Every structure is written in C-alpha cells, then in structure tokens.
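J.: Single-letter residue listing:
Protein chains: 2
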Amino acid sequence: MIVRKLKEIRQGDKNIKSDGWESARLLLKDDGMGFSFHVTTLYTGAELHMHYQNHLESVLILKGNGTIEDLGTGETHELRPGVMYALNDHDKHIVRVENEILCACVFNPPVTGREVHDETGAYPADTSEDREPALSE
Amino acid sequence: MIVRKLKEIRQGDKNIKSDGWESARLLLKDDGMGFSFHVTTLYTGAELHMHYQNHLESVLILKGNGTIEDLGTGETHELRPGVMYALNDHDKHIVRVENEILCACVFNPPVTGREVHDETGAYPADTSEDREPALSE
Numbered sequence: 001m002i003v004r005k006l007k008e009i010r011q012g013d014k015n016i017k018s019d020g021w022e023s024a025r026l027l028l029k030d031d032g033m034g035f036s037f038h039v040t041t042l043y044t045g046a047e048l049h050m051h052y053q054n055h056l057e058s059v060l061i062l063k064g065n066g067t068i069e070d071l072g073t074g075e076t077h078e079l080r081p082g083v084m085y086a087l088n089d090h091d092k093h094i095v096r097v098e099n100e101i102l103c104a105c106v107f108n109p110p111v112t113g114r115e116v117h118d119e120t121g122a123y124p125a126d127t128s129e130d131r132e133p134a135l136s137e
Numbered sequence: 001m002i003v004r005k006l007k008e009i010r011q012g013d014k015n016i017k018s019d020g021w022e023s024a025r026l027l028l029k030d031d032g033m034g035f036s037f038h039v040t041t042l043y044t045g046a047e048l049h050m051h052y053q054n055h056l057e058s059v060l061i062l063k064g065n066g067t068i069e070d071l072g073t074g075e076t077h078e079l080r081p082g083v084m085y086a087l088n089d090h091d092k093h094i095v096r097v098e099n100e101i102l103c104a105c106v107f108n109p110p111v112t113g114r115e116v117h118d119e120t121g122a123y124p125a126d127t128s129e130d131r132e133p134a135l136s137e
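Here the protein sequences line up with chains R and B, keeping their order.
Using the UniProt record's numbering, the letters of the first sequence map in sequence onto residues 1 to 137.
Using the UniProt record's numbering, the letters of the second sequence map in sequence onto residues 1 to 137.
So here's chain R without its partners, still in its complex pose:
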C-alpha cells in the first residue's frame, strides 16, 4: 500500500511548476499502477492550448471555474466543481481559467514525471523499455 499526502508532495520534487499551472504528482509510472494520478492547479487567467497525442487523460474539477474548448467540434463546455472531462480521442483543446482551478487528473499510460509539454502541447511518448502499464493483459 502506498500512502502519500498532497501537502508533502507539493513541497518536493514531484510538484512540477510550468507556465500557467502546477501539478503535484501523487502517482507516477514507477508506482506500477498502470496510470498516473495528479492534483493540478491552473492559475487564474491562464489559457492553455493542449494536445496529448500520446496519452488519454481525465480531469475532475474540484475548485474554481473556467471553460474548455474542444477544437475538434468547436464546442465550449463550462468547467466548475463536479464537472469531469475525458480526452478519449487525443482531443485538441483549450482550457481558459476564470478563477484558479484545482483538479484531479488521471493519465493513461502513466506519466513518468520526466516529461515536459512540447511545442504542440503534448507530453512525448514514453520510450523507456518497460513502458507497459502494470495490468496490461
């Protein structure tokens, strides 16, 4: 059993800060769960253009509000506590933050913790040898 505290993760090297957001990685690939699990803060006013070409992601909004624009369909959805979105088709999207958003995020395959968003707004594929999720069957 792994037990971790968000407060401690935020003070360590698994708390990643970037342009418009920071993310506390509670579970990463090395934990062997087959997914990674992050608590992410999106700063007020941020406009984040993202396209995860190598990952599926789901996000549950816990605090704050904003919008997500689906660039595939042109639709814009409100984000507020209790709204979940899932990028099940590597959807290009823009998140616009009206009031600082706190959200719980799951990535499959799991993030290693060493990625940075590249110029397309993606995390690169994990090219290490043992990239299989723990429960691939």
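It is worth saying that the hints were derived from the structure and are not from the lab.
All of these numbers come straight from a predicted model, not from anything done at the bench.
Wrong hints could be hidden among the right ones.
[Stated by the list, open to error] Okay, the calculated beta carbon distance ranges per label pair: (1) B/E100 with R/K5: 34 to 44 Å; (2) B/E100 with R/R80: 15 to 25 Å; (3) R/D19 with B/K17: 39 to 49 Å; (4) R/E98 with B/D89: 39 to 49 Å; (5) R/E8 with B/K63: 33 to 43 Å; (6) R/S18 with B/D19: 36 to 46 Å; (7) R/T76 with B/L71: 25 to 35 Å; (8) R/T44 with B/H90: 33 to 43 Å.
Even for Gly, the Cβ is constructed at its ideal location relative to N, Cα and C.
We have chain R; now place chain B onto it with these hints.
T.: Showing chain B alone in chain R's frame:
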C-alpha cells in the same frame, strides 16, 4: 471528448448504492480510457473490509476523515483531505469512517459497472471478451 457532471451521474443508474457507501461512476470500462474513475461517498460510521483481488485502486480523500488499516502490515493510516492511498499489491484493508468521506477513485483495469463486491470484499475479474484496457500495448 466526454464531458459529464457529477450531479447528473448521481441522479442516474451509474450511481451505485451499497452497504456503507455509494459511488458515482464518471468513467467506466466502456468509455475506453483504460481505467475507471469514480466519486465515492463513505458513510459516517461505516467499517468497510475490502480486498480487490482483480483490480489496482487509488483513492484521493476530498472531504471527511477516518482511517485505513493495512492488514498486511498491521499499520493504520489517517485519512483526511489531501491523503491518497494506492492499493498497488491487492492489499487487504479496512476503512473506518469517522466523518462522511468523499473521495475520487481510479480502478485499473476499469470497472464495468456491473460488478458487486463478493463475499471476500473483491470485485470479480471482468470475464467479458474485450477486457483489454484501451491503451494496452
């Protein structure tokens, strides 16, 4: 892109009520994410004996408090907002709820939504033919 609202899930047939808990399934196996994602309420006073023999699970406490006892090690950990536990070794455990707990849960492989806890406190393995997570490689 899938967008769902917890409030709506709670009013539909993806909100499962059982003895001591209820769980709103925001993402299930059929959504093709390779994991399932639930927001679960554990009622005050509940003592839940669990052993997921067929699944890995991670849980982030959002509200409330209680304890988790790891029956493998005998250790008891406090549960309160910001604490995450991950059952990475099919750990037998008991959750005791002091004040109603709200938590975000991820299961790998994904729950189909048709399971019930059996007499061992496990969900049975998914025996349907297409049980591979979407991103198994």
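J.: Does each hint hold? Answer for all of them.
T.: Consistency of the hints with the structure:
1. Restraint check, B/E100 to R/K5: a C-beta distance of roughly 20 Å breaks the suggested window 34 to 44 Å.
2. Restraint check, B/E100 to R/R80: a C-beta distance of roughly 22 Å satisfies the suggested window 15 to 25 Å.
3. For R/D19 and B/K17, the Cβ-Cβ distance of about 43 Å falls inside the hinted range of 39 to 49 Å, so the restraint holds.
4. Look at R/E98 against B/D89: about 42 Å separates their beta carbons, and that is inside 39 to 49 Å.
5. The hinted window of 33 to 43 Å between R/E8 and B/K63 is violated, with their beta carbons roughly 20 Å apart.
6. At roughly 44 Å, the beta carbons of R/S18 and B/D19 sit within the given window of 36 to 46 Å.
7. Evaluation of the 25 to 35 Å hint for R/T76 and B/L71 yields a failure: the beta carbon distance comes to about 48 Å.
8. Between R/T44 and B/H90, the C-beta spacing of about 42 Å keeps the proposed range 33 to 43 Å intact.
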